[in-house]
Amino acid sequence: MGPDPQYVGKLHSNSDKGDGSVKYILTGEGAGTIFIIDDTTGDIHSTKSLDREQKTHYVLHAQAIDRRTNKPLEPESEFIIKVQDINDNAPKFTDGPYVVTVPEMSEMGVIRTALHNMDREAREHYSVVIQAKDMAGQVGGLSGSTTVNITLTDVNDNPPRFPQKHYQLYVPESAQVGSAVGKIKANDADAGSNADMKYTIINGDGSGVFSISTDKETREGILSLKKPLNYEKKKSYTLNIEGANTHLDFRFSHLGPFKDVTMLKVIVGDVDEPPLFTMPSYVMEVYENAKIGTAVGTVTAQDPDTANSLVRYFIDHNTEDNRYFTIDASTGTVKTAKIFDREETPWYNITVAASEIDNPGLVSHVPVGVRILDVNDNPPELAREYDVVVCENAKPGQVIQTITATDKDNSANGARFHFSLDEGLSLNPNFTLRDNEDNTASILTRRRRYSRTSQDIYYLPVLISDGGVPPLSSSSTLTIRVCACERDGRVRTCHAEAFLSSAGLSTGALIAILLCVVILLAIVVLFITLRRSKKEPLIISEEDVRENVVTYDDEGGGEEDTEAFDITALRNPSAAEELKYRRDVRPEVKHVARHHPSSSLDSINVQEFIKQRLAEADLDPSVPPYDSLQTYAYEGHRSETGSISSLDSATTHSDQDYNYLGDWGPEFKKLAELYGEIESERTT
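If you're matching positions, the sequence shown starts at 6 in my numbering and goes up one per residue.
A couple of the hints might just be wrong.
Unchecked claim - With a straight-line cut-off of 27 Å between C-alpha atoms, the simulated DSS-like cross-links for lysine-lysine are:
| id | residue 1 | residue 2 |
| --- | --- | --- |
| 1 | K188 | K238 |
| 2 | K400 | K675 |
| 3 | K97 | K87 |
| 4 | K400 | K674 |
| 5 | K188 | K221 |
| 6 | K170 | K76 |
| 7 | K231 | K221 |
| 8 | K413 | K340 |
| 9 | K97 | K28 |
| 10 | K231 | K170 |
| 11 | K221 | K170 |
| 12 | K188 | K264 |
| 13 | K203 | K170 |
| 14 | K239 | K188 |
| 15 | K22 | K76 |
| 16 | K221 | K203 |
I should point out that these hints are in silico values taken from the structure, not numbers from a laboratory. Please read these numbers as outputs of a predicted model, since none were measured by experiment.
Put together the whole structure using the sequences plus the hints.
What follows is the structure, encoded as structure tokens:
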């Protein structure tokens with residue numbers, strides 16, 4: 006330390022004679038800045054104060070050279086300068102000040118408590134100053150200090166305590182079930198989870214009426230209502246409430262118990278309440294068709310308060326716009342205001358309200374259902390309109406229809422129906438009725454065969470009565486149509502238009518068929534007219550200046566080419582002797598005489614005759630140069646055996662089955678029925 010450079014050391018070479026011919030050079034760490042050298046003497050000095058805590062040593066290189074030639078006199082050498090330590094730094098606490106937490110009541114440690122059983126609740130924070138000295142505290146040493154802040158952490162060493170042993174709470178009887186009616190709290194000197202607690206109602210006459218829960222934030226006990234209160238029945242309740250810690254530390258169990266009990270008295274306040282009906286709902290009954298003003302039933306309500314005020318009744322017309330009922334304001338008797346029909350509306354729902362005369366604003370409501378009882382005021386009637394059909398070939402006693410009835414009244418007045426024919430009329434010779442005694446009846450035929458031509462519609466009056474008190478009856482008329490049926494009973498036709506309907510022909514189809522027929526007739530007439538115009542000969546006149554050009558006005562060939570050959574000879578064999586020439590062309594060559602066999606006309610062979618005429622047509626040069634189809638309408642002489650048809654034996658007994666005629670189409674239906682009836686009557 007000081008303003009002058011500090012001598013460090015000296016360099017010297019054996020080649021140095023002291024005449025100044027040797028030059029010393031210093032290189033390396035700090036050379037020329039921190040360390041300087043006298044190049045003649047080799048003395049080394051430090052120009053700055055050195056700090057060992059920053060750098061402990063320096064590495065330098067020294068060399069001696071000839072000052073005149075600048076050549077090294079010795080090899081370069083290395084040397085190290087070490088910095089010696091002196092006590093120039095006082096001790097320091099690098100992390101201070103320190104913050105330490107020590108559980109209260111802890112044993113002594115590295116930093117030991119000076120007091121036994123230190124209580125956090127009495128004092129929570131402490132500050133301690135700590136000093137450190139070097140040189141073992143000798144004179145001339147340095148020192149440093151720091152602060153340690155000590156906080157005592159909490160343990161559960163304090164039980165909860167209620168500030169009072171008796172509490173009182175006022176709750177009005179109108180309090181809603183489930184609502185909070187009060188709060189209670191026990192104090193705990195501990196903090197955090199050590200102060201958590203749970204409240205419980207351990208006994209008391211109100212344990213079933215009230216419940217208690219714990220607010221985790223405020224650690225208060227919330228008292229709630231479980232059942233409705235009634236001042237007139239019970240005016241107060243007594244509850245014993247316990248508050249206990251939920252996290253216990255058994256090291257401090259000797260300080261317990263960690264719970265406390267207090268008594269809470271709940272006083273029920275009287276509130277003016279609306280009238281209370283004796284039943285939650287009412288059901289009343291009245292017969293339909295009852296006179297206006299008939300009593301239906303009575304509702305009853307009372308004031309639940311001790312004052313027992315009078316009650317006034319009225320119907321809430323907001324729910325009943327038509328006002329079917331009235332009520333006596335004093336007695337609560339419900340009466341009819343209209344005449345009811347059960348079949349129209351069997352049930353009515355109204356709302357009756359009751360209020361105190363002294364306090365009309367307090368109103369209570371009750372639902373009332375009115376059932377309309379049935380009276381047998383509707384006669385029975387047929388369940389639907391029946392389309393009854395009877396076949397022409399029906400047999401006596403055959404069931405043609407089963408009918409049922411309905412009654413708008415309920416089962417007590419219409420469950421059993423009785424069917425019969427109208428007794429005021431004479432005995433019906435055509436049909437009868439059978440009561441099946443199961444609320445159905447059957448219509449039966451009374452004779453064999455019905456004819457549409459004589460009568461196609463019958464009317465049958467049916468009388469239906471119910472089993473009500475008094476019984477009611479009604480008369481209905483069934484319309485019975487006579488129809489033609491198949492053998493299996495299927496209806497084929499009931500009137501003239503039905504045949505076309507059964508064939509599946511609508512009115513539009515019939516019109517289309519008629520149009521087709523008219524068009525066909527027009528085509529036939531046009532065709533005949535054209536054919537008649539073709540019968541003029543096509544022979545070319547000799548006066549025609551044209552060459553031999555033959556013009557044909559028809560196509561030739563085909564079944565309709567009857568002009569190319571005259572077949573009248575084939576229709577009558579006796580005309581075979583007469584020769585016919587074709588009229589469509591003019592023969593240019595003389596015809597060869599045709600010879601016919603000398604056989605008699607009665608024994609002529611048609612096959613041979615046809616072959617002969619075919620050969621003549623092939624060899625005839627006057628025939629047009631195209632093929633033509635010849636049509637022959639001659640079928641030969643009558644057979645000597647006679648007819649073998651079974652139709653001639655209709656009057657004789659036969660085992661012939663004529664049912665197959667029904668499969669030939671509608672044209673043979675009637676024939677099949679006639680022969681079928683003859684056979685059936687013959688067997689009976």
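Quick rundown of the hints versus the structure:
Between K188 and K238 the alpha-carbon distance is near 25 Å, which keeps this suggested pair within the 27 Å criterion. Of the supplied pair hints, the one linking K400 and K675 holds, its CA atoms being roughly 19 Å apart against a limit of 27 Å. At roughly 25 Å between alpha-carbon atoms, K97 and K87 fall within 27 Å of each other, so this suggested pair holds. For the given pair, K400 sits about 20 Å from K674 by alpha-carbon distance, which is consistent with the 27 Å threshold.
Between K188 and K221 the CA atoms are separated by roughly 13 Å; this keeps the pair inside 27 Å, and the hint holds. For the given pair, K170 sits about 110 Å from K76 by alpha-carbon distance, which is inconsistent with the 27 Å threshold. About 21 Å separates the Cα atoms of K231 and K221, which keeps this hinted pair within 27 Å; it holds. For the hint linking K413 to K340, the alpha-carbon distance of about 26 Å falls within 27 Å, and the restraint holds.
Between K97 and K28 the alpha-carbon distance is near 48 Å, which puts this suggested pair outside the 27 Å criterion. Proximity of K231 to K170 is assessed by CA-CA distance (about 24 Å); at most 27 Å being required, the pair is judged to hold. Restraint check: the Cα-Cα separation between K221 and K170 comes to about 23 Å, which is no more than 27 Å; the hinted pair holds. Under the criterion of a C-alpha separation no larger than 27 Å, the hint pairing K188 with K264 is consistent with the structure, at around 18 Å.
Using a Cα cut-off of 27 Å, the hinted pair K203 and K170 holds, with the two alpha carbons roughly 17 Å apart. Between the alpha carbons of K239 and K188 the distance comes to roughly 22 Å, so the proposed pair stays at or under 27 Å and holds. With a C-alpha separation of about 16 Å, the suggested pairing of K22 with K76 holds against the 27 Å cut-off. Under the criterion of a C-alpha separation no larger than 27 Å, the hint pairing K221 with K203 is consistent with the structure, at around 9 Å.
Against the hints set out earlier in the document, violations occur for numbers 6, 9.
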